[in-house]
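Enquirer: Okay, here's what each chain looks like letter by letter:
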Amino acid sequence: MSADYHQPDSNMSLNGASLDAAQLAEARLTAYVLGELDADDRAAVEKALAESESARQQLGAIRRSVELVTGALASEPGVELPIGQRQRLIDRVVGEPREADIVPRFSKESRPARSVRRKFVGYALAASILLCVAAGLGRLLLSSMQTARNVELASLADRVRGTRAVDDANGYRDRYQSAHEEPLPESKDFFVAEGIPMATGMVAGQPEPTADAHSRGLFTVDIQDKESGVAKGMVSSSTSMAGGFVGRTKKGEALFDLSPAPSDRLAGLGFSEGQPNTESYARLDENSFLDVRRDPLSTFSIDVDTASYANVRRFLNGGSLPPRDAVRIEEMLNYFSYHYAPPADQTPFAVHAEVAGCPWEPKHRLLRIALKGREIDLANRPASNLVFLIDVSGSMDDPAKLPLLQSALRLLIDKLAENDRVAMVVYAGSSGLVLPSTSGLYKETILRALDQLHAGGSTNGGSGIQLAYQVAREKFIQGGTNRVLLCTDGDFNVGVTDQGSLTRLIEEEAKSGVFLSVLGFGTGNLKDSTMEQLADRGNGNYAYIDTHNEARKVLVEQLGGTLVTIAKDVKLQLEFNPRQVAGYRLIGYENRLLRAEDFNDDKKDAGEIGAGHTVTALYELVPAGGEAPAGNVDGLKYQRPLEPAGGFGDESLTLKLRYKEPEGASSKLIETVVKDAGSNYAQASEDFRFSAAVAGFGLLLRDSQYKGDLTFGAVLELAQASRGTDENGYRAELIELVKKAQALRP
Amino acid sequence: MKDPRVAGESEWLRSVVASYEGPLVRYAARITGDAERARDVVQDTFLRLCEQDRQQLDGRLAEWLYTVCRRRALDVQRKEHRMRATLPAELDRCPDQAPQADAVERGEMHAAVLAVIGGLPTNQQEVVRLKFQAGLSYREIAGVTGLSVSNVGYLLHVALKTVRANIKECEG
Chain P
1 MSADYHQPDS NMSLNGASLD AAQLAEARLT AYVLGELDAD DRAAVEKALA ESESARQQLG
61 AIRRSVELVT GALASEPGVE LPIGQRQRLI DRVVGEPREA DIVPRFSKES RPARSVRRKF
121 VGYALAASIL LCVAAGLGRL LLSSMQTARN VELASLADRV RGTRAVDDAN GYRDRYQSAH
181 EEPLPESKDF FVAEGIPMAT GMVAGQPEPT ADAHSRGLFT VDIQDKESGV AKGMVSSSTS
241 MAGGFVGRTK KGEALFDLSP APSDRLAGLG FSEGQPNTES YARLDENSFL DVRRDPLSTF
301 SIDVDTASYA NVRRFLNGGS LPPRDAVRIE EMLNYFSYHY APPADQTPFA VHAEVAGCPW
361 EPKHRLLRIA LKGREIDLAN RPASNLVFLI DVSGSMDDPA KLPLLQSALR LLIDKLAEND
421 RVAMVVYAGS SGLVLPSTSG LYKETILRAL DQLHAGGSTN GGSGIQLAYQ VAREKFIQGG
481 TNRVLLCTDG DFNVGVTDQG SLTRLIEEEA KSGVFLSVLG FGTGNLKDST MEQLADRGNG
541 NYAYIDTHNE ARKVLVEQLG GTLVTIAKDV KLQLEFNPRQ VAGYRLIGYE NRLLRAEDFN
601 DDKKDAGEIG AGHTVTALYE LVPAGGEAPA GNVDGLKYQR PLEPAGGFGD ESLTLKLRYK
661 EPEGASSKLI ETVVKDAGSN YAQASEDFRF SAAVAGFGLL LRDSQYKGDL TFGAVLELAQ
721 ASRGTDENGY RAELIELVKK AQALRP
Chain D
1 MKDPRVAGES EWLRSVVASY EGPLVRYAAR ITGDAERARD VVQDTFLRLC EQDRQQLDGR
61 LAEWLYTVCR RRALDVQRKE HRMRATLPAE LDRCPDQAPQ ADAVERGEMH AAVLAVIGGL
121 PTNQQEVVRL KFQAGLSYRE IAGVTGLSVS NVGYLLHVAL KTVRANIKEC EG
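Same order as they appear, the protein sequences are chains P and D. Counting in my numbering, the first sequence runs from 1 upward without gaps. Counting in my numbering, the second sequence runs from 1 upward without gaps.
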């Protein structure tokens, strides 16, 4: 389905017929229900709905008719191809006959299906440049109409296609133009890169060697985008190797580097059978070192997501290094459990800080900030009102998706008690309530509904999410956990309207007390940043579930944290003392940075912390007297940098933390002073050392400019030396992953 | 030897066939009037798919598939003179009032709703199926049918209104 979502005309008029105002209003309401309005129209409709009881009644009637029609049409018997015929069709289309006896039906004419594949290479590689431009803009989508102004694809092999296909394609093109009044791109001049495939996936689109033998060569891609500057790439494609490919921005920094790699490495990309790879990751720019005299305050929101680590693991286990933008160091840090002391009193969490030597830069210090959420007795946890919003679109039809989701939710359902409620809403081409809110007492009913889920149809998450929130609100438990759990492989095709409206919807629902958590499944289609963003806006967490064990970790071991939020809008602000610290760099949390003034602004949303959660943040500090590495700003001409205040000579920093109770509106402040006792790395606590190893691993995977002389081998040693008791074996798993990364990039 | 780079493309095609084949056959069958021809049409559609630039189709895949499938189905239907048809858009007639009250009394709401849908003008029927069965957006439906986006919205609104009116009659 289209990711580039064109808004329908807001002005509903029909050529040659005039509609009366009532009809027009009703057609607009219908479009609203179907998620077809843009943000402005949506707001207008919502205003009208708030003011008019009759409009609300009409809305209900339209919703009911949509449900009726959707249900009725879904009940129509399908006419799928018989299995054998379907397999032969696939073989025929794919051009790889598995059996010799292809049915005569197909042999009416023979089509050179294989020979047309070669054209994919250019588009695929070129699209990956667009990917970088897009990622740099933090966009998920990119329409080449606006972005690609000039793409030259020289020495691409001639295109081969049957005459009939040309007719059809032209027919389509003509129609497309007349319908949209915008040209469908000619493949010679433009390509479309919506739902952009990711760089590592590109190789999968390479042609087979024989087809490409005469088409190898170079082509340049020159993409002008007024916001992001110019990205130029040189692409060479060769028959035996994936093309070496470096994209650079105007400033010359590498956006990505897909260096020539042996093809056996490319073979194991870790994508499951039958899935196109349309994963996307938002570009992540690392935090740089800041000068304490110029920027004494560092402010950010906490983050308890862990998805990035599971995703990184998936790549490494599949035999490839993850794309650097998929590596979020804070999520790797927070994946692990640390033995931080819980709060002694009734505050929601305890705050700890520790400073010791930095293992990858001997001149620097490493500051670890550790938060530990109050543990709650699961037997006495507040009642939960859960609504599972489950993607059952065709792409979920994969053992790593829907079946894993089912077994994961079975684990969770097993933990529910009488006072808990569960409902299930599915979405695909249409959405529907497959399980009305049901008490945890009736596990059989819940499990039966769960088992009956099956995948099919395309994705339209929009109306599903409205329905899910509606169900959650109807059964709202005061003082309990009210949460929508979105379970998807990421093809959360925002049928509701544009992405902005969706996040706004989620934000508003979060304010009303219904939070959103996102559970990501499967591979090849992961819209990582969308999912992370949705969970953030919904006061929830985002976990990526790749195995049954991961499901157990997220949904059983950390049930409290997943379900029970103990504090929300948790923000940290550090004020560094220039007498002790010259510069600092926050490792990770790039997309959690806040402005200094946001800290005291209770309207500014920030991260949540669940029961028992630990949050870890690391700063690399440059001690006073040292030179901050990237202080690449000229000195000020008209004023002096801040002067150190008198006193406080031995304090390194003051750590301030603000949080709200889950249902509170005003924040509370916790303040701690941190001093550096001068310990070296070896003297630091085991958890400190392990978190440093994890961060170092992340720096290497990101190929960070701040990695110093760190190597995978060094990380391996650090991790092995700080493995500790490792009750759940997670640290051992990290050690295995480091070894895999080392083998991939010795 | 299987080249992994080719496998990437064939996996894509495989997954497209897996996701769209059922819905497309169902859609084509409404036009051709029988499932056998619909299957041929859909096979043809997929064979054409493998000759397309995948990048060009990115984001427009559903729209492209339905567009090609529709054209092919209309061709077949015209050629075969099987006029049991549902389409094309020019057949804009008044809705039959087919509320099927007893079906509702038997609790078969689906059958009643389907009967009402079956009584809608063909252009409304097609838009309803593309929206609620195929899950296309207004814009995509406009692309497939050649209608304007606002026209699609209007037709859906009228169709839903008819469903409401008839089913309400049944209930009351």
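Worth flagging that the hints you see were computed from the coordinates, not collected in a lab. Nothing here was measured: the structure is a model prediction, and the numbers come from that model. It is possible that part of the hints are untrue.
[What the hints assert, rightly or not] For lysine-lysine, the following DSBU-like pairs were computed, each having C-alpha atoms within a straight-line distance of at most 35 angstroms:
#1 Lys-511/P / Lys-603/P
#2 Lys-553/P / Lys-161/D
#3 Lys-604/P / Lys-443/P
#4 Lys-475/P / Lys-161/D
#5 Lys-656/P / Lys-739/P
#6 Lys-511/P / Lys-707/P
[As the list claims (entries may be wrong)] Derived, one-sided and incomplete: chain D residues facing chain P with beta-carbon distance under 8 angstroms:
#7 Ala-18
#8 Leu-74
#9 Val-76
#10 Arg-78
#11 Leu-114
#12 Ile-117
#13 Pro-121
#14 Thr-122
#15 Gln-125
#16 Val-128
#17 Ser-137
#18 Leu-160
#19 Val-163
#20 Arg-164
#21 Ile-167
All residues carry an ideal CB built from backbone N, CA and C; glycine is no exception.
Enquirer: So which hints don't hold here, by number, going up?
Expert: 2, 3, 5, 6, 8, 9, 10, 13, 14 and 15
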